[in-house]
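From the two separate chains plus the hints, produce the assembled complex.
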Amino acid sequence: MNRSLFLGGLLSGIMLLLAIVSFVWTPFDHAVMNIPDKLQTPNGTHLLGTDHFGRDILSMVMVGARTSLAVALLAVGIGIGLGVPLGLAAAATRGSWLDEVIMRGNDLVFAFPSLVIAILITAVFGPSAINAIIAIGIFNIPVFARVARGGSLSLWAREFILAARVAGKSRARISAEHILPNIANLLIVQGTIQFSLGILAEAGLSYVGLGAQPPTPSWGRMLAEAQTLVSLAPHLAIVPGCAIIVTVVGLNLLGDGLRDRFDPRLMEGRA
Amino acid sequence: MSLLDISNLSLSIGALPILRDVTLSIAAGEILAVTGESGSGKSMTAFSVMRLLPQAAKIQGAIYLEDEDLCALSEVEMCQRRGRDIGMVFQEPMTALNPVMTIGAQVMETILLHTDTSAADAQAEAARVLTRVGLPPERFPMDRYPHELSGGQRQRVVIAMAIALRPKLLIADEPTTALDVTTQAQILDLLRDLVREYGMGLMIITHDLAVVADLADRIVVMRKGEVVERGPTLSVLTHQRHPYTRMLFEASAHKVTLPAAPEAPAPLLEVRNAVRDYTTPRKGWLGKPGRFRAVNNVSFTLHKGERLGLVGESGCGKSTLTRAILGLEELQGGELLLNGQPLSQQRSPAQRQAMQVVFQDPYGSFNPRHRVERLVTEPFHLSPDAPTGRARQELVGQVLEDVGLSAADAQKYPHQFSGGQRQRIAIARALITRPELIIFDEAVSALDVSVRARTLDLIADLCTAYGLTYLFISHDLSVVREVCDRVLVMQKGEIVEQGPVEKVFTAPKHAYTQTLLAAAPVLPDITPTEPLEAPA
Numbered sequence: 001m002n003r004s005l006f007l008g009g010l011l012s013g014i015m016l017l018l019a020i021v022s023f024v025w026t027p028f029d030h031a032v033m034n035i036p037d038k039l040q041t042p043n044g045t046h047l048l049g050t051d052h053f054g055r056d057i058l059s060m061v062m063v064g065a066r067t068s069l070a071v072a073l074l075a076v077g078i079g080i081g082l083g084v085p086l087g088l089a090a091a092a093t094r095g096s097w098l099d100e101v102i103m104r105g106n107d108l109v110f111a112f113p114s115l116v117i118a119i120l121i122t123a124v125f126g127p128s129a130i131n132a133i134i135a136i137g138i139f140n141i142p143v144f145a146r147v148a149r150g151g152s153l154s155l156w157a158r159e160f161i162l163a164a165r166v167a168g169k170s171r172a173r174i175s176a177e178h179i180l181p182n183i184a185n186l187l188i189v190q191g192t193i194q195f196s197l198g199i200l201a202e203a204g205l206s207y208v209g210l211g212a213q214p215p216t217p218s219w220g221r222m223l224a225e226a227q228t229l230v231s232l233a234p235h236l237a238i239v240p241g242c243a244i245i246v247t248v249v250g251l252n253l254l255g256d257g258l259r260d261r262f263d264p265r266l267m268e269g270r271a
Numbered sequence: 272m273s274l275l276d277i278s279n280l281s282l283s284i285g286a287l288p289i290l291r292d293v294t295l296s297i298a299a300g301e302i303l304a305v306t307g308e309s310g311s312g313k314s315m316t317a318f319s320v321m322r323l324l325p326q327a328a329k330i331q332g333a334i335y336l337e338d339e340d341l342c343a344l345s346e347v348e349m350c351q352r353r354g355r356d357i358g359m360v361f362q363e364p365m366t367a368l369n370p371v372m373t374i375g376a377q378v379m380e381t382i383l384l385h386t387d388t389s390a391a392d393a394q395a396e397a398a399r400v401l402t403r404v405g406l407p408p409e410r411f412p413m414d415r416y417p418h419e420l421s422g423g424q425r426q427r428v429v430i431a432m433a434i435a436l437r438p439k440l441l442i443a444d445e446p447t448t449a450l451d452v453t454t455q456a457q458i459l460d461l462l463r464d465l466v467r468e469y470g471m472g473l474m475i476i477t478h479d480l481a482v483v484a485d486l487a488d489r490i491v492v493m494r495k496g497e498v499v500e501r502g503p504t505l506s507v508l509t510h511q512r513h514p515y516t517r518m519l520f521e522a523s524a525h526k527v528t529l530p531a532a533p534e535a536p537a538p539l540l541e542v543r544n545a546v547r548d549y550t551t552p553r554k555g556w557l558g559k560p561g562r563f564r565a566v567n568n569v570s571f572t573l574h575k576g577e578r579l580g581l582v583g584e585s586g587c588g589k590s591t592l593t594r595a596i597l598g599l600e601e602l603q604g605g606e607l608l609l610n611g612q613p614l615s616q617q618r619s620p621a622q623r624q625a626m627q628v629v630f631q632d633p634y635g636s637f638n639p640r641h642r643v644e645r646l647v648t649e650p651f652h653l654s655p656d657a658p659t660g661r662a663r664q665e666l667v668g669q670v671l672e673d674v675g676l677s678a679a680d681a682q683k684y685p686h687q688f689s690g691g692q693r694q695r696i697a698i699a700r701a702l703i704t705r706p707e708l709i710i711f712d713e714a715v716s717a718l719d720v721s722v723r724a725r726t727l728d729l730i731a732d733l734c735t736a737y738g739l740t741y742l743f744i745s746h747d748l749s750v751v752r753e754v755c756d757r758v759l760v761m762q763k764g765e766i767v768e769q770g771p772v773e774k775v776f777t778a779p780k781h782a783y784t785q786t787l788l789a790a791a792p793v794l795p796d797i798t799p800t801e802p803l804e805a806p807a
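Residue numbers (the working numbering), protein chains in the order written: chain Z, 1 to 271; chain H, 272 to 807.
Quick caveat, the hints were computed from the structure, so don't treat them as lab data. Glycine included, C-beta positions come from ideal geometry on N, C-alpha and C. Be careful, since some hints might not be right.
To give an idea of the interface, some chain H residues facing chain Z are shown, with a C-beta separation under 8 Å as derived from the structure [as the list claims (entries may be wrong)]:
#: 1; residue: 287
#: 2; residue: 603
#: 3; residue: 620
#: 4; residue: 625
#: 5; residue: 627
#: 6; residue: 635
#: 7; residue: 636
Isolated chain H (complex conformation) (with noise of 0.2 Å):
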């Protein structure tokens, strides 16, 4: 008998069939991870075991929990099994928490909801829990706001609310998509402790096949609704039967081949003992502003035709770095220089057009209310020698085709492309003016495998078409290591590695480099041993 077991599950949206006949079970102490890419279904799978589901969903099959069936409940029953019986961890730690209340509170706030127990009762129990993931009350007094802890902290709070009536069944939803390589193994050990200390069944959602293979006892692989394979993490990884499995674990590791590093190296960029200081606020009326350093001292070369990697958590400054460079930002300190030529805030229309950024976002990063052709040649604004007519059009059309769209596409507007194809067309907008430099900000962090697979298909076909330079900034250490010849690790301000990429990956020298590698979950390299087998 298993802990949960949903059998044919069905739920449509309106119209709009969002999951198909899904089955799946989970056993007491066991660990399953459900995986697939966006718009998959494996989020709206969790949802309906809670559910926490749209007005408008309908739903059909059973969802069985023990030997109760929760899709006959009455939403009153559904209540009291969510947190008591069922609990959750969300992706998103800041949004999951209210800012307004305590962390003390929130956790006591679930065993007050669900228990009959005193208020003083309740706080030492959370007390005991909040210990139990780690921020004792010694050290993380429980009067503590969310804003005045970390992400991984306040991810900790929220499984502390999560877990503090010792759930049956635990779902995670992308519990560490939104926190740091070091950050994530220490919540992903905590979680795989807990469970096999409460007997907990837990429920794991994640788009990142590296986790899934470090943590699940078993897997289940979703594609638009349905599942498409399943089975114990081991013969998953090894059989890989269903394409879409082959596909997204291909996709995982996915290698690009770059043309050869320049040989004579000529410098491009160079940055020189680079400051930037922020101010923090006042402590007090009468107080000093403080000064927080968010770059410090630092300085390296971007030779042309290098493609340099720039890897380190958040807050960094590798953000901070990056608007310098643009000059978006003012630096304090140290100067920039763009082919021997000092660069300042102020930038004449070619030094701009000499350098352009793709952004994290591709959702964030057009106008919406703009069409695609004005969009990519934005970059043009102010320059005298800006093609116009026809030529204008050309030009969009062809760029817009280097990168896989077509010349008919600078007609749309951006809601009118996926995820991935608008970071094709941020692509264009930074190729137009075939800059000497481009800043890869994230570009690839926030779309799925294969998605992003193609992406650096394309940024290395790119490397031959246009000989790009560019700094790609990420905290995807495999990415990097792919795309890039060079690469910075920056900590707290300051570049404490760098060196070739080979180099630097298999042999680190700095410590804050090793514990950064070894923080990242590695897929285990496994090739398939069976046949593509036609799929059931």
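Just chain Z, with the same shape it has in the complex (with noise of 0.2 Å):
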């Protein structure tokens, strides 16, 4: 096992962690206000201070985790569920008019500046986790598109494909059963890295107050209210920043480590 991929799965499963022990215990209940605790510095209680109505900090943090994981994995599982399937139709029709309309879709979605296309949606439709879910899932579309049909087509021209058109097999038959599994390490990779980008996404929303809606609590919202009193109790920001770059930087080690273990120079030799 490489360094990346182990400090990765570290850092990426202690965040996972915290999200999943947050549905079952938290210190506080996050929620809750306590106005006569308000801005503690981390101590014994509260071990990592309190904000400006006395929620306790590392309470909110574990459910904001909860918020950023979910928001990002499903914005990821839009990409995927999506743009695999697109890209390997394209692959498998190249050339044809459906290839250049899938592809050149995607180079439309491409085209726009995604964040700003997100405010855009989430203003419209109103803020809420699942529209900011939607818009970073939209725009995860088209980079699993690239990718699929990228690395499918030059498996089309193995010859173990053409073994199986010989047996009859129609196009989208050979895309799930030999194109699909031989493509995953690179979905996999490429899903790690939207996954973070997906988090500093999901914060990005929240901090202008478009995405998850009070009270749950998301990292992206409590910098946003910690913006004003940063002078004061500079934890407030600081943990919820840590937070973030934890996760963001966990979750590309990961990716960098699945990239070289999943190398396809290297396949042959492990296989």
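Now the structure itself:
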């Protein structure tokens, strides 16, 4: 196991664990305000301190992890669920009108600045976690479509695909049975990277108030609320900021590690 | 004093020993052929001389170029030797050239790197060298890119790069393996002339004994990282002292016995006036796309029980024709008949099962993530009467045993098999539906000679057991001569000659067939004169 895979797995694993634990237990109720305890620095009772309403920051970060990971995961799910079939279809019908329509459609989506359009979507349809998921997910579709198409094209020239065609298998069947398992590694690596980008996008949308709505905590909104108090209580901004950094760095390292592990040049030796 | 002296060279990569006690020498102006099958360490010997080895490689022994021990040099000093004192020609000319650099610039690069000449002088020198290798700048301007040249012309550029500074030693690693026979003959002639003219030493690495016999002054035969036999070409050919050498020669000239061809021919596959056009890119924005006719008015009949060969050089249209017969590509004209019934691109499962194919590359022919059982039964796709359950398992076991594997192999993955075994799995996949026709598309071209000999034996045995009818596509004339009754010769999309193999090969009528046969290197018909001795 290589170092970046280990470190990335460890950091992402910690965040995932925090998110899962938050379902059954948090040190305090993240939504309960306790004004007398406001703006405490980290201490024995409140491990990461409290905010201006006296809410426990550790509890909020834990529940916030849940929100961030869920939004990013579902957004990646939309990207894979729609993008991969489109990419496979484009590769299977290479050079046809379908290929052109799919790939030029991708170019069209790519041409828009993603965060601005995400803001537009959430502003039009109302700010909510669901709309944030959809807005981020749409921009994942062309990414996965391109990766899937690129990976498939070289496979379509391989002889085992020809053999399957000689056996009379349809293009759709070949795509599912022969192509998809062989590009899974590419998709996993790309998925990890898109996942970390999704966390960032969610934080960005929440920061401007277009992500998950109160009282659901979210890292981006915690940052936004800490903004005015930063000179008074810097830990309010530092804690959610660090949570974002750890998650994104962890996922990127994980993606790098997985890419090394799945390197096609090393595949033959290990397979 | 010889030019290159390798003594007791041992090489290991990690814990894996690659070479053991390799000793060989080359004199100036001499051609030494290093031969052996894959995994024999012949290429690694060459790479050791250049020290183009993986990081984990450990090297022992001495490599003297004239009176300098290359093993004792630092990497920086080695860089000065490469290209200036030692030139190298690689197997695949397309990947050995940088696709975004012009051929002139690539030849100049070697010159500028090692000498203090000005760019203008280097260009003049590059032009001279390119002229020498048969690419005069008048006809092949130096601002051409590699993709604008044919395979043989590209290999000439690679040779020009290697000899630009008149190195003392030239190493050629399978320089003609990727080329057609007629091109191969020209490249070998060029190498031979250059060696004589410049007084270079040439170390040529090849698996092809016919090339060796034709070209080399001396031979070194390697097996599993060791030298098993060495000596002057004629002596090695006539004595064949080591059993491995003898086995190699026998396998290269392998004869198989086919059952007799059927007496009363009944047509199985008829191809009538087949035409396949490709559109070429349009010239400019408003130009019309051009057309390239890959298969031009091809007609032939394949009879039941007949073994038909199809030979031709790359680009002659034989692959396109194969794909059209298999229904992978549409024909623009003409028709295909199987048992008198017309075949379109849309085929019923029964029609598909009647025709199976074995491809060239034993490594690319299988989905690496499926087990053999699933791979072999793929032709049953959509078949209404495919066996299921136990009957299916038994059938898979049976067909695997028929191709010389065991029934237990059904649960393994393709990477657990060697290249030759994988080709047997490919044959099993083609046999399982008991097809009326099998197409072998360069099916033995990627195999080592000994494996190829055994595969050809298998095909001959299967002819008896299964009563095979096949179309055998190959660029290797000697193989076609062994395993076919009749042969078609294809050139530029047309069939220029056809007839029984013996007749076509001994008395070719068409000029192109004559050229092909003349260009193919032939193993001299020598029977070993000495009894086998125990190897030293």
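A quick look at each hint next to the structure:
Violation of the interface hint for residue 287 (chain H) is found here, the shortest Cβ-Cβ separation to chain Z being roughly 11 Å, above the 8 Å cut-off. Evaluation of the residue 603 (chain H) hint against chain Z yields a violated restraint, the C-beta minimum of about 17 Å exceeding 8 Å. A cut of 8 Å between beta carbons decides the hint on residue 620 (chain H): the least distance to chain Z is about 6 Å, and the hint holds. Proximity of residue 625 (chain H) to chain Z is violated relative to the hint, the smallest CB-CB distance being about 11 Å (cut-off 8 Å).
Below 8 Å, beta-carbon pairs count as interface contacts, and residue 627 (chain H) has one with chain Z at about 7 Å; its hint therefore holds. At its closest, the beta carbon of residue 635 (chain H) sits 4 Å from a beta carbon of chain Z; the interface hint therefore holds under the 8 Å criterion. Satisfaction of the interface hint for residue 636 (chain H) is found here, the shortest Cβ-Cβ separation to chain Z being roughly 4 Å, below the 8 Å cut-off.
Checked against the numbered hints above, the structure violates hints 1, 2, 4; every other hint is satisfied.
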